[in-house]
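Trainee: Residues per chain are reported as follows:
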Amino acid sequence: MGERFAVGIDLGTSTSEICVFRHGRPEPVPVASSKSVVLPSLVALNSRDELLVGEEARGAVDVPGRGVRESKRLMGRDVEIPLGSRRHRPPEIAAIILRALKESAEVYLNQPVREAVVSVPANFDDVAKRATFDAARIAGLEVQLLVAEPTAAALAYGLTRLDADEQLLVFDFGGGTLDISILEMMSGVIEVRSSHGDVALGGKDFDDVMISLLKQRVIQSVPQVRLSANLDRDLKDRAERAKVDLSSRTTTEVQLRNVGATATQQIDLDVVVSRDDYDRHCSELLSRTRACLRTALGAKGVRPSSVQKILLVGGTSYIPAVRNIIEETFGKQGSADVPADLAVAMGASIRAAQVSGLLDGATGPVITDVAPKGVGIAVVEVVGDRRMLVYEPLIRPNTTIPFRTRKTYRLMSSEQDAVNVCVYQDSTGRARYPEDAVLMKEAVITDVPCASDGTPHAIEVLFQYDLNGLIRVEGTIPATGQTVVIEEKANAAVLSPEGRAEAEKRVSELWQSRPEAREFRAVIEKAERMLGELSGTSREAIRQAVGELKAAIESGDAGATRRLGNRLVDLLYDCEREEE
Amino acid sequence: MGSDYYQILGVASTATRDEVRRAYAKLVRESPPERDAEKFALIRKAYETLSDEAARRDYDALQAHGERVSELVARAHASMAAESWGDAERAWKEILVLWPGSHAASNSLGLCQLELKRWADARRTFKSLTEVAPDVAEYWINYGLGYARESVAGDGTGGIEDDQLLIKARNRFKVAIGLDPRNAMPYLHTARTYVRQGELENALAWFDKAVSADGGLDAADLDTLDLRCAILARLGRRDAIAVEVRRMRSCLPDEPEARKYIASRLVRLGLRWSEARRFDLAHWFALEASLLDPAEETTCDFRVFSGRMAAAFRDVDRLRGDPAVSGPLTTRALYVLGRVSGSIPDADADDRASVRAYTTALDRASSAAIIEDILGLRRRYPALYDLDDELLGHVLDFVGRRSGIPVPKVARDPGRCPRCSVFEDWGHAHGCGKSSRDAAPRSSRREVGGGATASPPVPTPVARPGAASPRVTAARRRGGGTGCLVLIAAWIGAAAALALVTFAGY
Numbered sequence: 001m002g003e004r005f006a007v008g009i010d011l012g013t014s015t016s017e018i019c020v021f022r023h024g025r026p027e028p029v030p031v032a033s034s035k036s037v038v039l040p041s042l043v044a045l046n047s048r049d050e051l052l053v054g055e056e057a058r059g060a061v062d063v064p065g066r067g068v069r070e071s072k073r074l075m076g077r078d079v080e081i082p083l084g085s086r087r088h089r090p091p092e093i094a095a096i097i098l099r100a101l102k103e104s105a106e107v108y109l110n111q112p113v114r115e116a117v118v119s120v121p122a123n124f125d126d127v128a129k130r131a132t133f134d135a136a137r138i139a140g141l142e143v144q145l146l147v148a149e150p151t152a153a154a155l156a157y158g159l160t161r162l163d164a165d166e167q168l169l170v171f172d173f174g175g176g177t178l179d180i181s182i183l184e185m186m187s188g189v190i191e192v193r194s195s196h197g198d199v200a201l202g203g204k205d206f207d208d209v210m211i212s213l214l215k216q217r218v219i220q221s222v223p224q225v226r227l228s229a230n231l232d233r234d235l236k237d238r239a240e241r242a243k244v245d246l247s248s249r250t251t252t253e254v255q256l257r258n259v260g261a262t263a264t265q266q267i268d269l270d271v272v273v274s275r276d277d278y279d280r281h282c283s284e285l286l287s288r289t290r291a292c293l294r295t296a297l298g299a300k301g302v303r304p305s306s307v308q309k310i311l312l313v314g315g316t317s318y319i320p321a322v323r324n325i326i327e328e329t330f331g332k333q334g335s336a337d338v339p340a341d342l343a344v345a346m347g348a349s350i351r352a353a354q355v356s357g358l359l360d361g362a363t364g365p366v367i368t369d370v371a372p373k374g375v376g377i378a379v380v381e382v383v384g385d386r387r388m389l390v391y392e393p394l395i396r397p398n399t400t401i402p403f404r405t406r407k408t409y410r411l412m413s414s415e416q417d418a419v420n421v422c423v424y425q426d427s428t429g430r431a432r433y434p435e436d437a438v439l440m441k442e443a444v445i446t447d448v449p450c451a452s453d454g455t456p457h458a459i460e461v462l463f464q465y466d467l468n469g470l471i472r473v474e475g476t477i478p479a480t481g482q483t484v485v486i487e488e489k490a491n492a493a494v495l496s497p498e499g500r501a502e503a504e505k506r507v508s509e510l511w512q513s514r515p516e517a518r519e520f521r522a523v524i525e526k527a528e529r530m531l532g533e534l535s536g537t538s539r540e541a542i543r544q545a546v547g548e549l550k551a552a553i554e555s556g557d558a559g560a561t562r563r564l565g566n567r568l569v570d571l572l573y574d575c576e577r578e579e580e
Numbered sequence: 001m002g003s004d005y006y007q008i009l010g011v012a013s014t015a016t017r018d019e020v021r022r023a024y025a026k027l028v029r030e031s032p033p034e035r036d037a038e039k040f041a042l043i044r045k046a047y048e049t050l051s052d053e054a055a056r057r058d059y060d061a062l063q064a065h066g067e068r069v070s071e072l073v074a075r076a077h078a079s080m081a082a083e084s085w086g087d088a089e090r091a092w093k094e095i096l097v098l099w100p101g102s103h104a105a106s107n108s109l110g111l112c113q114l115e116l117k118r119w120a121d122a123r124r125t126f127k128s129l130t131e132v133a134p135d136v137a138e139y140w141i142n143y144g145l146g147y148a149r150e151s152v153a154g155d156g157t158g159g160i161e162d163d164q165l166l167i168k169a170r171n172r173f174k175v176a177i178g179l180d181p182r183n184a185m186p187y188l189h190t191a192r193t194y195v196r197q198g199e200l201e202n203a204l205a206w207f208d209k210a211v212s213a214d215g216g217l218d219a220a221d222l223d224t225l226d227l228r229c230a231i232l233a234r235l236g237r238r239d240a241i242a243v244e245v246r247r248m249r250s251c252l253p254d255e256p257e258a259r260k261y262i263a264s265r266l267v268r269l270g271l272r273w274s275e276a277r278r279f280d281l282a283h284w285f286a287l288e289a290s291l292l293d294p295a296e297e298t299t300c301d302f303r304v305f306s307g308r309m310a311a312a313f314r315d316v317d318r319l320r321g322d323p324a325v326s327g328p329l330t331t332r333a334l335y336v337l338g339r340v341s342g343s344i345p346d347a348d349a350d351d352r353a354s355v356r357a358y359t360t361a362l363d364r365a366s367s368a369a370i371i372e373d374i375l376g377l378r379r380r381y382p383a384l385y386d387l388d389d390e391l392l393g394h395v396l397d398f399v400g401r402r403s404g405i406p407v408p409k410v411a412r413d414p415g416r417c418p419r420c421s422v423f424e425d426w427g428h429a430h431g432c433g434k435s436s437r438d439a440a441p442r443s444s445r446r447e448v449g450g451g452a453t454a455s456p457p458v459p460t461p462v463a464r465p466g467a468a469s470p471r472v473t474a475a476r477r478r479g480g481g482t483g484c485l486v487l488i489a490a491w492i493g494a495a496a497a498l499a500l501v502t503f504a505g506y
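In order, the protein sequences belong to chains A and B.
Numbering-wise (our numbering), the first sequence opens with residue 1 and increments by one.
Numbering-wise (our numbering), the second sequence opens with residue 1 and increments by one.
Pulled out of the complex, with its shape left as it was, chain A reads as follows:
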């Protein structure tokens, strides 16, 4: 095999990227189907029921029931996404995008890619993280580690700045989420101190504002208009482009075709939107952004002036009004030291290099991350004069991971025969009662025998955050040896092994319908026809090449398909020549 490498993937709401770490640095990988290193996170079927991914899906993605945008927002949710005649789980859609990225890297490296570090929003919940693991497995990838997106971005920045001693803020405003992390860099160690985010605020929301603004303009110009039924979806693409346009210009013109009709005619309209106008309409989103930033700074009592560097990451951070918020708050501009749309994937590949041992503390930076959410259980405590169920924090928010702690409690009476361990998450650090926190999971230890000596049994609870930021909670009654792992609250969004096998089958069938997979079909047909007429060595060579190509197509290995396809073309070409 060739030289060692490591792979990192940024699986984003609007765009996804893959980077390869080799020769001591991350390289963005161009997506096989285009020249760009950015793959739009779009999946669609064309009219021939062929699977399209990325840029090529843009034209078809908004046809109802035949395309999926922003599927990341559905990760970890128990929903089904219709695509053509089938329905898919969110991890399957993510798997299609991952597979496209994986194959691009395989073509780029001319080597198979089997494992990668995948980035997720810092505030992704456990179920969504598990869905990400599912997606990778369906795509034939092993997740080496999940890395928080802002953490990855910081790593991309810190890779070449081992001597930096500064406080850093990563403002990661992507298509679906806003994550703000505060980090400290010292002597080659990058320490995430806190991470705060809004999981439901992203570029998509800014697109929605543009859509409603455009619609409003149409109604203003032609008050008697009946808007066309699918207008929101039709406008989606143009709205996004207008938004991007306003990042570099103060006005943009949007050509709207067939947005609706009056009694007499169809409406086509050219609309001019100014940046000021757009900003005004975004004011609610902008104030949420401001609030999020305030909370993030408040979490560790960080003064804006003590932040030396602000990294802007994610497409939404290009919006001028968002940049203004940064400037207002910090009195300086965000840094462009790392490319906003590639930093996360680059960082993920650096993390992959660290995990695979390509990079260590002697050759590069070391990073430590936190779990933004605190974890605790509900226990009975005397509050004032009464027993109440209170939230007992065991892991504070923004605790450096991996982390484990155990604590021993007593059951309430020696006759108690069951205990219910309820695990809660708290991102404020101020939860006092279970009602202030979010119930994550619960488990019951039943059939606890009576304590013979009249002293209630002790129950030991173990809490653990692993490097992926996944929580594991275990309750043990040492006296009886009973242990229970507190599982996910019964959640249908996590795939069972059978569910995953079915999902793999569905995705693999879908993958067969990619246009690339059909690319050599005509050549194969021609070759099979020729086999009857040929004889000798060339016949054998062609027969073998056809078999191998078919196998490659079957396995969905794009790199091999292309290589073997081209070989078959060469063989057939030479054959024809000889015959002439």
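A portion of the hints provided could be inaccurate.
[Unchecked claim] Ranges of calculated distance between the beta carbons of each label pair, as one might list FRET restraints:
# : chain 1 : residue 1 : chain 2 : residue 2 : range
1 : B       : Ser70     : A       : Glu502    : 55 to 65 Å
2 : A       : Thr250    : B       : Arg35     : 47 to 57 Å
3 : B       : Ala55     : A       : Thr250    : 44 to 54 Å
4 : A       : Asp436    : B       : Ala55     : 20 to 30 Å
5 : A       : Asp436    : B       : His77     : 29 to 39 Å
6 : B       : Ser128    : A       : Asp277    : 49 to 59 Å
7 : B       : Ser70     : A       : His23     : 53 to 63 Å
8 : B       : Glu19     : A       : Gln308    : 18 to 28 Å
9 : B       : Arg35     : A       : Arg567    : 42 to 52 Å
[Claimed, not checked] A few chain B residues facing chain A, derived, Cβ under 10 Å:
#  : residue
10 : Arg21
11 : Arg22
12 : Glu30
13 : Pro33
14 : Arg35
15 : Ala37
16 : Glu48
17 : Gly178
18 : Arg182
19 : Asn183
20 : Asp214
21 : Asp218
22 : Asp221
23 : Arg268
24 : Arg272
[Claimed, not checked] Using 20 Å as the maximum straight-line C-alpha spacing, the simulated DMTMM-like pairs for lysine to aspartate or glutamate come out as follows:
#  : chain 1 : residue 1 : chain 2 : residue 2
25 : B       : Lys26     : A       : Asp360
26 : A       : Lys550    : A       : Glu509
27 : B       : Lys26     : A       : Glu509
28 : B       : Lys45     : A       : Asp466
29 : B       : Lys26     : A       : Asp165
30 : A       : Lys407    : B       : Glu38
31 : B       : Lys26     : A       : Glu184
32 : A       : Lys332    : A       : Asp360
33 : B       : Lys45     : B       : Glu34
34 : A       : Lys300    : B       : Asp18
35 : B       : Lys117    : B       : Glu161
36 : B       : Lys209    : A       : Glu516
37 : A       : Lys300    : B       : Asp52
38 : A       : Lys407    : A       : Glu442
39 : A       : Lys300    : B       : Asp135
It is worth saying that the hints were derived from the structure and are not from the lab.
Think of the CB as a built atom: it goes at the ideal place given N, C-alpha and C, for glycine as much as any other residue.
Put chain B on the given structure of chain A with help from the hints.
Mentor: Relative to the frame of chain A, chain B by itself:
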């Protein structure tokens, strides 16, 4: 020590924060979290402790004096358990000298000072504690108690100084409420400050906030509802008490045991009023209790007793200044009432003196006047007459025989319930079954004389014949009101025992 944080990081105990950081960074680069999680956790713990000023101080203190501190903590707890507050205070002080950062120790020290009634010291302790730990509701509550208790501990005259203390206390409780709105304690304490100032309506409202602090009604709210009842009784709001009783019932599941338990609590409340000789209020609670638990004999007896006493007190009010009844008779009646209600101490000498004064007065009066007097008392003040009926009956008989004046037979109306007769305004609430103003027959409790044969046949639960009545009559034979005193004693004992039994049941 193997887990010495300084050793783990390889720094001197005098290392600056920056040296600690650098040492940590060097170690983490050697053992990043993805390589060796255990080792990283150790390094991290050491770093987090030594890089945080307060945590490092605590760590240093416990490293140096850990053994002595844990010894002292054990001793302090033992002293507190034995209520040797002075010893406990000294122990906590020494702990704080060795380990100044301990909030728990400061809090305990303040609690000891509260117990020692050294208000200013306690307040100083809690003041500095709430400065360093401003978000712990408990500390603010204790701080407030430093003011509230001084007021309560004062000479009770109140006044402006007292008001000032109570206002300051309330301000502290308010902070606690802001921090932990579901803790009932600061609401309760606030309510008590209003009780102390005689602002009962305010107190009621705050007790109510205490009840709803943690959301709904539950068993823990019963004590607070008791307090509300007590205030409502003081305000004379009979109807509101019935509402409170309904709330008490909704604190517990609607089961016979729970109803019995609440009835026993109500009896206890009633007993407190009867100790304060407010038999009218005691009777309210007795009535509510027997509505909840009609089968319980002790409850029923208490209701009868408190009703009789309430009626007797009402009679006394009317009797004073009634010219139709003679002076000695009034004296005697008041005396007996005083004895029965406990406001005159039990002293046989007094009793004899009172009888002597009475008989002397009788000697001087004409037989006709005496008979008229006693009959008038019996007619118009039956409750009072009842308390002393044996003596008065004898006098009536004797004087009648001596003078030859015919005296109407002192016989009870056979259809009249001897229990209800004296508190007719309550109706036959104890359930004797007689049709009265609230005619709903409940259960026939007891056969009295021959007359009760007319009771409707709803004898559930069948009372043991003469279980309580003989006790009353037997006692009464020993003379006048002392019988009733015995009854009270029996009452208090029985009800308290009942309360204990049911309490243990929960």
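Trainee: Checking one constraint from the list: CA of Lys45/B to CA of Glu34/B, max 20 Å. Satisfied?
Mentor: Between Lys45/B and Glu34/B the Cα gap is close to 16 Å, so the pair holds against 20 Å.
Trainee: Has the given pair, Lys26/B with Glu509/A, been kept, meaning a C-alpha gap of at most 20 Å?
Mentor: Violated, because 51 Å separates the two Cα atoms, which is more than 20 Å.
Trainee: A closest beta-carbon separation below 10 Å is what the hint needs, so does Arg21/B meet it against chain A?
Mentor: holds, 6 Å
Trainee: Taken at face value, is the distance from the CA of Asp466/A to the CA of Lys45/B at most 20 Å?
Mentor: The hint holds at about 16 Å.
Trainee: With respect to the beta-carbon atoms only, verify the hint that Ala55/B and Thr250/A lie 44 to 54 Å apart.
Mentor: For Ala55/B and Thr250/A the Cβ distance comes to about 52 Å; the hint holds.
Trainee: Evaluate the given range 18 to 28 Å for the C-beta pair formed by Glu19/B and Gln308/A.
Mentor: At 22 Å between Cβs, range holds.
Trainee: Double-check Glu48/B for me: the hint is only fine if its C-beta lies closer than 10 Å to a C-beta in chain A.
Mentor: Where the cut-off is 10 Å and the nearest Cβ of chain A is about 8 Å from Glu48/B, the hint holds.
Trainee: With a cut-off of 10 Å on the beta carbons, see whether Arg268/B makes it to chain A.
Mentor: At about 18 Å, which exceeds the 10 Å cut-off, the nearest Cβ of chain A leaves the hint on Arg268/B violated.
Trainee: Okay, Ser128/B versus Asp277/A on CB: inside 49 to 59 Å?
Mentor: holds, 56 Å
Trainee: Next item in the hint list is Arg22/B. Is there a CB on chain A closer than 10 Å to its CB?
Mentor: holds, 6 Å
Trainee: For the hint on Asn183/B, just tell me whether its beta-carbon gets within less than 10 Å of chain A.
Mentor: holds, 5 Å
Trainee: Report holds or violated for the interface hint on Arg35/B, using the least CB-CB distance to chain A and a cut-off of 10 Å.
Mentor: holds, 8 Å
Consistency note: the structure conflicts with the earlier hints numbered 17, 23, 24, 27, 32 and 36.
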